[in-house]
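*Asks:* Each chain, letter by letter, is given below.
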Amino acid sequence: MIPLMRPALADAEGPYVTRLRTSRIGTASDDAILIEGADDGSVFSGRLGLVVIDGVRAEDLDGDIVLVDPRRGRVERLLRVGSTTNTLLVTERCDQLCVMCSQPPKKTHVDRFDLLEEACRLAPDGMLIGISGGEPTLYKERLLTLIERTLAARPDLGFHVLTNAQHFEASDVARLGRSAYRRVSWGIPLYASEAALHDNIVGKEGAFAKLEEGLAHLAMAGARVELRTVVLSDNIDAFPALAGYVAARLRFVEAWSIMQLEHIGFARNRWEQLFFDHVQRFGPIAEALNRALLHGVRAQLFNFPRCTVPAAYRRLAIASISDWKRKFAPACLRCGERSACSGFFEWHPDEQAALAVQPL
Amino acid sequence: MTFTPLRLRAIGGESEKALFVNDAGRFFLGSSAFLDRMDLEQLSAGDLAFLRAGGHVVERGDALGAAAHARGVADRIARAGPLDYLILVPTLRCNLSCSYCQVSRVNENQGGHDWSDDTLHAVLALLDRLDAAHVKIEFQGGEPTLRPDLIRAVIDRCGRFERAEFVICTNLQRVDDEILALFDRPDVFVSTSLDGDLSTHTRNRTGTAEATSAFLGNLRMLAERHGPTKVSALPTIDPNNPPDIDALLDAYVDLGIDSVFLRPINYQGFARKRHAASREQGDGWRGYYESFVRRIIERNWADRGRVLEETYLSIALRRIFQPGSERHVDLRNPNPMGIDYVVIDHDGAVYPTDEARMLARSGVVDLSIGNVAEGWGGPTFDLLNANSTNQFDPDCKRCAYQPFCGRDLVDDLARYGRIDIQRRETAFCRRHLHLFDLAFRLVYSDDDAIRYSLARWLRLPGEPAAFGQRLA
Ligand code: SF4
Ligand code: SF4
Numbered sequence: 001m002i003p004l005m006r007p008a009l010a011d012a013e014g015p016y017v018t019r020l021r022t023s024r025i026g027t028a029s030d031d032a033i034l035i036e037g038a039d040d041g042s043v044f045s046g047r048l049g050l051v052v053i054d055g056v057r058a059e060d061l062d063g064d065i066v067l068v069d070p071r072r073g074r075v076e077r078l079l080r081v082g083s084t085t086n087t088l089l090v091t092e093r094c095d096q097l098c099v100m101c102s103q104p105p106k107k108t109h110v111d112r113f114d115l116l117e118e119a120c121r122l123a124p125d126g127m128l129i130g131i132s133g134g135e136p137t138l139y140k141e142r143l144l145t146l147i148e149r150t151l152a153a154r155p156d157l158g159f160h161v162l163t164n165a166q167h168f169e170a171s172d173v174a175r176l177g178r179s180a181y182r183r184v185s186w187g188i189p190l191y192a193s194e195a196a197l198h199d200n201i202v203g204k205e206g207a208f209a210k211l212e213e214g215l216a217h218l219a220m221a222g223a224r225v226e227l228r229t230v231v232l233s234d235n236i237d238a239f240p241a242l243a244g245y246v247a248a249r250l251r252f253v254e255a256w257s258i259m260q261l262e263h264i265g266f267a268r269n270r271w272e273q274l275f276f277d278h279v280q281r282f283g284p285i286a287e288a289l290n291r292a293l294l295h296g297v298r299a300q301l302f303n304f305p306r307c308t309v310p311a312a313y314r315r316l317a318i319a320s321i322s323d324w325k326r327k328f329a330p331a332c333l334r335c336g337e338r339s340a341c342s343g344f345f346e347w348h349p350d351e352q353a354a355l356a357v358q359p360l
Numbered sequence: 001m002t003f004t005p006l007r008l009r010a011i012g013g014e015s016e017k018a019l020f021v022n023d024a025g026r027f028f029l030g031s032s033a034f035l036d037r038m039d040l041e042q043l044s045a046g047d048l049a050f051l052r053a054g055g056h057v058v059e060r061g062d063a064l065g066a067a068a069h070a071r072g073v074a075d076r077i078a079r080a081g082p083l084d085y086l087i088l089v090p091t092l093r094c095n096l097s098c099s100y101c102q103v104s105r106v107n108e109n110q111g112g113h114d115w116s117d118d119t120l121h122a123v124l125a126l127l128d129r130l131d132a133a134h135v136k137i138e139f140q141g142g143e144p145t146l147r148p149d150l151i152r153a154v155i156d157r158c159g160r161f162e163r164a165e166f167v168i169c170t171n172l173q174r175v176d177d178e179i180l181a182l183f184d185r186p187d188v189f190v191s192t193s194l195d196g197d198l199s200t201h202t203r204n205r206t207g208t209a210e211a212t213s214a215f216l217g218n219l220r221m222l223a224e225r226h227g228p229t230k231v232s233a234l235p236t237i238d239p240n241n242p243p244d245i246d247a248l249l250d251a252y253v254d255l256g257i258d259s260v261f262l263r264p265i266n267y268q269g270f271a272r273k274r275h276a277a278s279r280e281q282g283d284g285w286r287g288y289y290e291s292f293v294r295r296i297i298e299r300n301w302a303d304r305g306r307v308l309e310e311t312y313l314s315i316a317l318r319r320i321f322q323p324g325s326e327r328h329v330d331l332r333n334p335n336p337m338g339i340d341y342v343v344i345d346h347d348g349a350v351y352p353t354d355e356a357r358m359l360a361r362s363g364v365v366d367l368s369i370g371n372v373a374e375g376w377g378g379p380t381f382d383l384l385n386a387n388s389t390n391q392f393d394p395d396c397k398r399c400a401y402q403p404f405c406g407r408d409l410v411d412d413l414a415r416y417g418r419i420d421i422q423r424r425e426t427a428f429c430r431r432h433l434h435l436f437d438l439a440f441r442l443v444y445s446d447d448d449a450i451r452y453s454l455a456r457w458l459r460l461p462g463e464p465a466a467f468g469q470r471l472a
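Line by line, the protein sequences give chains A and B.
Under UniProt numbering, residue 360 is the last one in the first sequence; the count climbs by one each step, no gaps.
Under UniProt numbering, residue 472 is the last one in the second sequence; the count climbs by one each step, no gaps.
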């Protein structure tokens, strides 16, 4: 696991964003440059003084865009150069309470939009930046402003925003249809085509109806949507019907990601009750994939280790887990498909992972 | 409650039932009982739920249903992007004289039928002006390999594109080191004609057994040297004298080629004179086509290790289920002319399609829209584009297959000399009615062998429970 949060000491009064560099070559005014490095920590010097970061080797930090928070004594590695998945958390508040939430929401909100916007401006060329929460569109105006201002200054960047899509209005359609939004995709969870079941899973009555409205606005705006469905014991048998629904009403989506459950957050304590083992019965997922693909919906499997998926469907199981939270079982070492495999979440129980794998 | 406009077609075999298709191409098979209920306006709650779920009915207040329908209709409308596909004819000369040559070729040693220096420079200048990041360039003839220098000049000029793909359409009669060096490039693909077994191919094309074996030797050499994806081959079928289906398939399978694009002789070029019967594609052709499809279904079922397909049927199936997934410029709607692809002839004249070039050569009608040095546009261009859609045609408007079908103005002009002939009376329409009838009979078949092939042709990992829905 790659640590994203490190203890740190800094000169400055308040939080700020900077890019860490180990050499002076090609640096800019926002950069903090290494002046002393050891295996267990490094000292960088920038416009706002010194920052001392613990426990990471300086060369692993080179190019990282970090948020230095002197009062809490830490730095947060917001955007890492080598990583394909960088996600900015814009709020921890949420208006749903999903049974399997991996990042249970908090009541309070700390507004960091300005700092995050600065980080985006410093992002490496062409980076795709993830935005998640909580529910980012609870602060829709702040969010859209951040996206628009960033893309105006940095048209090479892209955004992928995880949202429940319930806060888009008809009045947003023209805005979301602007050309800058071709560089933005929206990752939207949908758990069933039956309203009651979906509402039950997300813990909010009326959520499905609001979601359909939001999706209609996004469809009319020509927005890029990635649909996401987590596999649960509760909705597994609803998958074929959901695929029919997606093919009939949501064919415009760019992709439909069917995701296996993460052993974290609420799901950790409810594992027995929520987890559906697709190895035992792949049928409903196979039928959903075939139905969706038949109608040209690009369906894919997230968090499905490749050896747990029948051979014909394996090409749909992609390496979906970000580097910093991915691990493999010991037996995976001799597997030929490792580079294409999702592996397991860092927090997946080791015994379960070891039992599941069948090196290919 | 609003019905999305539905069009019906009785599909053979289950004559009591009708296929219902809406403007977005969504469809179901309704029973005669359902037809009666619809007729009497006595739809059940179950009917309504079914129609709503399938997008055939959009209720007031259902914003997503309305949006899905709008997007679905839009998906059926082909959009032509910037010019990124060029068909180039560097020479009209050829070293063969096939019985149905479509291009009115000239003899190998005849002068004045190659690109001039000026034409070459204009082509290169055109390449420099292209806006697209990816380009596809096809060399046609005549026999383009008679001028490897011109092919090379074009390829060399394409270095600036993110991706450039070249297809050399050749008779593979002569492959010397210079030509082989071109074929060896990973971005070059070879397209050729293979009419079936040795005797058919000799009769139609080469004239002598030696010439046929030289061709087959070269074809085999290329397939072995670079694998089957390097070469694509098309058979041209004489419906009055079609080859044995298994012999034809074996000739392809033997070379590792699994996709066969079955084409009847085209009523153009010299074929007009020698094969007068090819003006209409009759029942003979359609029967042969269908037997061919049935046979590959059987063969696929018997040998699961190899998936054979008829290319055009696969394209039709993808147009039914997966609009936007393929870009076949011969079957799309509207079918804009001279926008995203053009043909540049040996004399620099620009045509909207290769068939249009042949029409001009055979003196039927001159459909050139300009020339490569000065550009193209003008009245012919505008007239063609104004008529390039099937959407408002009185026959197509009522046809269940309109969302999947296309428009081929040049084919109409070639056969009838006009484009305003009643659509149902055209060979294009008959061919496509038959094609889509066949496709939907397969879609609604419960036969495991058919379902297996359908799934493979549609590139699915497994077979869905049903390819199409039914309403009892
Ligand atoms: S053995 Fe490991 S690396 Fe290989 S497919 Fe299974 S989980 Fe993935
Ligand atoms: S051409 Fe014929 S088959 Fe095609 S849409 Fe028109 S009427 Fe239907």
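Hints should not be assumed to be uniformly reliable.
[Unchecked claim] Residues on chain B that point at chain A, a partial pick, calculated with CB under 8 angstroms:
id, residue
1, A53
2, A68
3, V73
4, Q322
5, R456
6, L460
If you are wondering where the hints come from, they were derived from the structure by calculation, not from laboratory data.
The C-beta atom is built at its ideal place from N, Cα and C for all residues, glycine as well.
*Asks:* Does the interface hint hold: is L460 (chain B) within less than 8 angstroms of chain A, judged Cβ to Cβ?
*Replies:* Interface hint status for L460 (chain B): holds (5 angstroms vs cutoff 8 angstroms).
*Asks:* Identify whether the interface hint at V73 (chain B) stands, where standing means a beta carbon of chain A within less than 8 angstroms of its own.
*Replies:* violated, 12 angstroms
*Asks:* Was the hint right that R456 (chain B) lines chain A, CB cutoff 8 angstroms?
*Replies:* violated, 11 angstroms
*Asks:* Quick check on Q322 (chain B) please, does its C-beta sit within 8 angstroms of some C-beta on chain A?
*Replies:* For Q322 (chain B), the interface hint holds, since the closest Cβ of chain A sits about 3 angstroms away, which is under 8 angstroms.
*Asks:* Classify the hint on A68 (chain B) as holds or violated, based on whether any CB of chain A lies nearer than 8 angstroms to its CB.
*Replies:* holds, 4 angstroms
*Asks:* Taking the closest Cβ pair, is A53 (chain B) under 8 angstroms from chain A?
*Replies:* holds, 6 angstroms
In summary, the structure is inconsistent with hints 3, 5 from the numbered list given earlier, while agreeing with the others.
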